[in-house]
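Those protein sequences? They're chains E and D, same order as listed.
Residue numbers 1 to 808, in my numbering, belong to the letters of the first sequence in order.
Residue numbers 809 to 1166, in my numbering, belong to the letters of the second sequence in order.
Treat the hints as calculated values from the structure; they're not laboratory data.
Hints may be right or wrong, so weigh each one.
[Claimed, not checked] Just a few of them, taken from the derived set where beta-carbon distance is under 7 Å, the chain D residues facing chain E:
(1) M853
(2) S870
(3) L899
(4) E900
(5) N958
(6) R1110
(7) D1114
(8) N1125
(9) F1128
(10) T1137
[Unchecked claim] Below are the DSSO-like pairs computed for lysine-lysine, each with C-alpha atoms no more than 30 Å apart in a straight line:
(11) D:K1087 - D:K1015
(12) E:K709 - E:K520
(13) E:K720 - D:K1079
(14) D:K1079 - E:K694
(15) D:K887 - E:K62
(16) E:K656 - D:K1079
(17) E:K456 - E:K356
(18) D:K1015 - E:K683
(19) E:K687 - D:K1079
(20) E:K520 - D:K843
(21) E:K20 - E:K34
(22) E:K709 - D:K843
(23) D:K963 - E:K501
(24) E:K694 - D:K887
(25) E:K383 - D:K812
(26) D:K1087 - E:K380
(27) E:K62 - D:K1074
(28) E:K62 - E:K501
(29) E:K656 - D:K812
(30) E:K709 - E:K383
(31) E:K694 - D:K1074
(32) E:K656 - D:K1087
(33) D:K963 - E:K62
(34) E:K738 - D:K1079
(35) D:K812 - E:K709
(36) D:K812 - D:K963
(37) E:K501 - D:K1150
(38) D:K887 - E:K720
(39) E:K551 - E:K501
(40) E:K656 - D:K887
Since this is a predicted model, take the numbers as computed values, not measurements.
Glycine is no exception: its CB is placed at the ideal position from the N, C-alpha and C atoms.
The primary structure of each chain is shown beneath.
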Amino acid sequence: MSEKVKHIEEHGCNCQPELKSDDIKTVVSQVVAKCGREKDKVIPVLQELQKRLNYIPSEALKEICRLTEITPGQISGVSTFYSQFRHIPAGKHIIKICAGTACHVKGSGLITEAFRRELKLDETTSTSADGLFSIEEVACLGCCTLAPVVQIDGKTYGHVKSTQAAEILYDFINTGKHQKDLHQEVAPDVYDAEVRIGLGSCCVAGGSREILSRLFEVKEAYDLNIKLKPVGCVGVCNQTPLLEIVMNDSTHHRYTNVKIVQVEDILLKHIKPGKFGKRLIYRINDFADSFVHEGKLNSPINLPGEKREEFLNNFLSYQVHIATQQSGILTPDSLDEYILLGGFEALKKVLRQSDKSEIADIILESGLRGRGGAGFPTGKKWKIFSESPGSPKYVVCNGDEGDPGAFMDRMLLESFPFRVIEGMMIAGFATGASEGIFYIRAEYPLAVSRVSNALKICYERGMLGDNILNTTFSFNITIFEGAGAFVCGEETALIASLEGKRGTPILRPPYPAVQGFREKPTLVNNVETLSLVPWIINNGPEAFSSIGTEKSKGTKVFALAGKVARGGLIEVPMGITIRDIVEKIGYGVGDGRTFKAVQIGGPSGGCIPASMADTPIDYEELSRMGAMMGSGGLVVLDDTDCMVDMTKYFLTFTHKQSCGKCTFCRVGTRRMLDILTLLSQGKADMKEIDELEKLSFEVRNGSLCGLGKTAPNPLITGLKYFREEFEAHARGYCPARKCRDLIKYVVNDKCTGCTKCSQDCPVGAIPFSPYEIHVIDQDLCIKCDNCRITCPEDAIEIVNIADVHKNQ
Amino acid sequence: MYIKINNIEFHASEGETVLDVARRAGISIPTLCHKDGVEHYSSCMVCLVRDRRNNSYIPSCSALVQEGMDIDASGDDVKELRRKAVELLLLEHRAECEAPCRVVCPAAYDIPRMNRLLSAGRFREAVDLIVSELATPEIRCLTCGAYCENACRRKKIDTPISIRNIRLFIFDKIKEEKLFSGSAAGSDARYSAKEELKNRFSSRTGKLNDAELRQWLKECDGMSERYRDITSFEQASSEAESCMHCDCRAAGNCALRAVAEDLSLKDPAGKLVNSPIKKKINKNTGLIFENAKCIKCGLCVRVCEDSNDEPALCFINRGFVSIISEPLTAEFDDILASQARKAVEVCPTGALSFIEKT
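Whole structure, please, built from the sequences with the hints as guidance.
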């Protein structure tokens, strides 16, 4: 093997000379040996190849065709359809800039521009000249509460400002990229306290891994008799990292936003050091510290518990945890603990059931509807599926959550893998299926590894495979990683992708429940749907149906983000009003702003104005208002958010994610986007707004699948509730002062001439003039927002160009 | 089972599509991406019908019949939505049905065909063509301001084809050899030919950039000598070699054009550019692919078998920028060695055709 391949394998980059043809052949043959030769292995083969070579050279494609049943047309179609695959080498480090909804409303566009400027990239390139960094805009990193978010090789930076690009790159290069591996520690049998730390993606992004390693250090240093316990997502994502100490007497102490420097104090406040000597050292240090750190008294550690936890309790008290039951308690990787806390009881219960069809009846009776968005009754789907002839039958867990601004499926898979597995097995048993497939987005590496680990454990312990729990029930589960196509959330497209095809939907019927994967009956259920199943079996259908509204039962998990004081992942009963979510759980919009609307359901949903916020959340109510439950993104907007901009944002997304098969979705969304772009530039008039409206209904009626049919929803609701805002743009005026072609930055007389803005301006549009009111050269200004962020005096204002002209 | 189409009940069998039943019943539904015997795909949405039970619009070509179906296949709303589908397809169809020279010609003479016959050395046929177009003993070109040359796309590259002089030279030959019997159809004939052309649906390319314009050069021999004055057939032939073949090879049998005419559509303004115009010519089979004409129906992909020995066409990319292409592992010259004709025959537009010079 040449230096090149070795280098790539070690560094995962392509900064060395060209790959040699022999090396490519060697790698391809290894990949094929590992993944298989069948046509439907094309996606795993490409994924594995890219993992090893950093990109997919065309010579490798040829070699794959030579060695497998995969044909040239198929591999070309597939490798260019899914966005995961690269045909040109990427830089050594990948900078992922989140373009999810929450990040968008908090200015991710400006951040992308800032990084591009910093790396001196032009419009056509995305890799820096030195091959060190590549920029990628990703649909959602699932850290909405830390928006805007930038991730470099797995290291996440939250609340990024556009002035920080250089700083972040510097920090990245100068700190160790590789986290210290935390070996699984053996917990003592008897301990003084259990210390829990959340390790969901958001928590990790918030720095909880660093906190965990600090916990280890402190534990060692003082010889504390504690059990350190990593747990899944707690849902309080905006307050991460979250630390919980459970004492032997069952008292809880919770700390939010924990900093590394506080770890020692927090632990020692509640737990006594083990050895006398260490205790003494602690006493002395503590005494000395009390003179040094004045701030210590004000730190949250010294606040009384009830004050510290007030918000937390409010945040949690309006929620009902079913899918997220035992959140913050359960260690995601521990089957023992899951079983100890009642896990797999539901499976055992159904396995004893003599009449399998009763299980589907229970689900039907509970009123559970698909949580993927459309809300089809789950029990009914199970019945249709179980009555369909054919063998084997497949149960697919749809974890291809690609909606920008929604990350509940990721959280459920990361935090409760065993619960989803149990739900899937119950579905399989109830319907006579023998094969289960997890379809999980490749962008969720933690979810993939947690689930595959959980599956491994289940197989080892006889919970999966043949004759489960000594019954006649046999069930196998595999994982399939999606390759980056939002449309694959649609069940027929998902199946196409499982079969190694381009992810294009087909018309239903035939429904997958009758004829799906490999032409066999296939039950596709969403992650959240499946994770509700064990609870329903354990607690009975009445318990579930007693929660919620007449037609929408149970709970729904939402990712609450955007312009809300306290965002996070919440599970609320159906029927709760939007206002309760925003004001009681989310603590309302930030300082001095007004609550304008909520965007529910992401690109398939719509914006519901604040005036209608008392509407209860339920499938019918939401669609009546033109929105949609969707997958459960809930992004709060305030008066600085522009509806034209929001609509344009979502259409950009759906247009990019359209599979391109049917005319209305492929060309219609493009036409709508073009008009919206003109509108945001003040170049469209009322006639075009009318065309837009007409077109939105035509695309809704004429598209083939759910993606196209719902793509116009943001526009339809936008025009329905905020028409005057669209019309204002036609007059060249952006009321929220967001659309950059219609606004400009000016300096008001609060300016003290501190020159900070001048120093931060990347294009030199503000001359350096100390102690004088600064002036922005409008011809040079690129509206990057840096000056406004930097200004300590609020002296930089955004004004509508149309206004300025009117006043002159 | 029975299903209702336009309020009339028809017998239908399990597994049939709504289109199958409608066609059997003589109800006409336009289609573009559908072909009998080929796996259905439902991309063009020109065959939309409305299911009255839930007011949803479904593509009849892949909608399987269901008990109790109540289909509206001819309502105004259905037609309106079909019109929109075709209009959207035309928005990305950056192509010309007729060559600019012919469109501006007051007599609608078939100039591109004349050029092709000449450049192929088929002088007799070229003469016959012009004779057949003569409506009066005098050719119109004598008194015409040569709008054709003004419109000639070649003008934007170097100089227009010397169309007027070519025609006048041939006309002189016709007079010399008294090939024209004199029993002219009358000037009305050319007038009606012109009217007919005007009334036909005609698509336009919209704005072209320089690189795109040069794609048309691929269709002509770059080596041939240019002549402004034409004094021999050889000169005419050489000059005609430089004609860029702006008219569409499928002008007479284009399904998209036919549907557009049936639905009385006009070519929409503001064409959308999904990728730059690129003409690909397969040197081995003479297959030519013009991407901007493609409506992504995928018929060519579905009818031809793809293998390592004979790579076929395939879709690449996703969404608005998805397009038919040779596989990434093959050159355009090396695809469809034996199946090119199948692909051309099935193409509903002029995106795929053979480069033969007639």
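Worksheet item: Which hint numbers does the structure go against, in order from smallest to largest?
Response: 5, 6, 15, 23, 26, 27, 29, 33, 36 and 39
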